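So the sequences go chain by chain: A and B.
Here the working numbering is used: the first residue of the first sequence is 1, the next is one more, and so on.
Here the working numbering is used: the first residue of the second sequence is 1, the next is one more, and so on.
Bear in mind the hints are in silico, worked out from the structure with no lab data behind them.
Quick caveat, the model's predicted, so the values are computed rather than measured.
In this text, a Cβ means the ideal position worked out from N, Cα and C, and glycines have one as well.
Be aware that one or more of the hints could be misleading.
Here are the computed lysine-lysine pairs in the BS3-like style, where the Cα-Cα straight-line distance is at most 27 Å [said to hold, decoys possible]:
no.: 1; chain 1: A; residue 1: Lys19; chain 2: B; residue 2: Lys87
no.: 2; chain 1: A; residue 1: Lys50; chain 2: B; residue 2: Lys24
no.: 3; chain 1: B; residue 1: Lys24; chain 2: B; residue 2: Lys87
no.: 4; chain 1: A; residue 1: Lys19; chain 2: A; residue 2: Lys59
To be clear about the criterion: a stretch of chain B counts as covered by chain A if any three or more of its residues have a C-beta under 8 Å from a C-beta of chain A, and this derived list gives those stretches [to be verified]:
no.: 5; segment: 16–25
no.: 6; segment: 85–92
no.: 7; segment: 104–111
Restraint-style ranges between C-beta atoms, simulated for each label pair [to be verified]:
no.: 8; chain 1: B; residue 1: Leu100; chain 2: A; residue 2: Leu54; range: 58 to 68 Å
no.: 9; chain 1: A; residue 1: Phe103; chain 2: B; residue 2: Leu100; range: 22 to 32 Å
no.: 10; chain 1: B; residue 1: Leu22; chain 2: A; residue 2: Thr51; range: 36 to 46 Å
no.: 11; chain 1: B; residue 1: Val121; chain 2: A; residue 2: Leu100; range: 16 to 26 Å
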Amino acid sequence: MDADRVRSVGVVGMRESVKMLLHYIAGVTILVTGAIHIMSGHFKTLGLIKTWDLYSVNKIIFLAAVLYHALNGVRVILTELIPRRGFSDVMNTVLIILGLSLFVYVSLFVL
Amino acid sequence: MSRKGGNRRSILEWFRIRGYSLEKTLYLFQRVSGIVTVGYLLWHLAFRDEAYLLPPEIQVPLGILITFHAVNGLRLVLAELGFTVGKPIRAVFPYVFTSLTGIQRLSVYLVVIAFFALVVVWMLIVLGVLGW
Chain A
1 MDADRVRSVG VVGMRESVKM LLHYIAGVTI LVTGAIHIMS GHFKTLGLIK TWDLYSVNKI
61 IFLAAVLYHA LNGVRVILTE LIPRRGFSDV MNTVLIILGL SLFVYVSLFV L
Chain B
1 MSRKGGNRRS ILEWFRIRGY SLEKTLYLFQ RVSGIVTVGY LLWHLAFRDE AYLLPPEIQV
61 PLGILITFHA VNGLRLVLAE LGFTVGKPIR AVFPYVFTSL TGIQRLSVYL VVIAFFALVV
121 VWMLIVLGVL GW
């Protein structure tokens, strides 16, 4: 491992560039799945989309993408505010637990 | 950004846009709209059934912020992947930032135009003028 990788790897063990690439992929995914989600709610005729089996799959993908994108955005802002390795490790762990908990709870009990 | 000194100005620095390029203003709006959207996301997950009961006074500005975040986010993805950055040139006085000219600046203008167009559509949907 080179020095940059050692510095950028936290508890999660993922490079910063990979985290940000996933952030962008999640963003584009949200554009597609979110558009379907919003349109099915706002347009009466498109409300039929909700009866499709694949709509549930769309919601799960949307939820996963939006949670990753949102919590990674929070992580980036907090990392800029408090650029300390110890804080970053704790924050990463907390955000991962929060994200996974929200994903499991919402996908099982809310959707 | 030293460990001891920290990023002291941090959030205040976002709002220092005077004298900077248009991209700095877009950066500020991207951050602010992102934070507001995270707040809405948590609220939406907690009160799922009330999502469509929001009054237009809240739906319209919220939709405007989310629309901006999405459109400008697409520009950022294209810049990140290198499509709108431009080729590097030899640094000769007077210096010209190739990353802030040409197709990059064009993409900024496209973002602004697409943003206003989508905002009009969104407002027509929320106000019930557009819908089928």
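Right, here's what the structure says about each hint:
A threshold of 27 Å between alpha carbons decides the hint, and for lysine 19 of chain A with lysine 87 of chain B the separation of about 26 Å falls inside it, so the pair holds. The hinted pair formed by lysine 50 of chain A and lysine 24 of chain B fails the criterion: a straight-line CA distance of about 40 Å is larger than 27 Å. Taken as a hint, the lysine 24 of chain B and lysine 87 of chain B pair is honoured in the structure, with Cα atoms around 21 Å apart against an allowance of 27 Å. A C-alpha spacing of about 22 Å is found between lysine 19 of chain A and lysine 59 of chain A, which places the hinted pair at or below 27 Å, so the restraint holds.
Note: the segment 16–25 of chain B has 0 residues with beta-carbon separation from chain A under 8 Å; the three-residue rule is not met and the coverage is violated. Counting residues of the segment 85–92 of chain B whose beta carbon lies closer than 8 Å to any beta carbon of chain A gives 0, which falls short of the minimum of three for the stated coverage. Residues of the segment 104–111 of chain B lying with their CB closer than 8 Å to a CB of chain A number 0, which falls below the three-residue condition for coverage. Separation of leucine 100 of chain B from leucine 54 of chain A is about 42 Å and departs from the stated range, judged on CB atoms against 58 to 68 Å.
In this structure, phenylalanine 103 of chain A and leucine 100 of chain B break the distance hint of 22 to 32 Å, their C-beta atoms being roughly 39 Å apart. Between leucine 22 of chain B and threonine 51 of chain A the Cβ separation comes to about 45 Å, which falls inside the hinted range of 36 to 46 Å. At roughly 36 Å, the beta-carbon separation of valine 121 of chain B and leucine 100 of chain A lies outside the given 16 to 26 Å, and the hint is violated.
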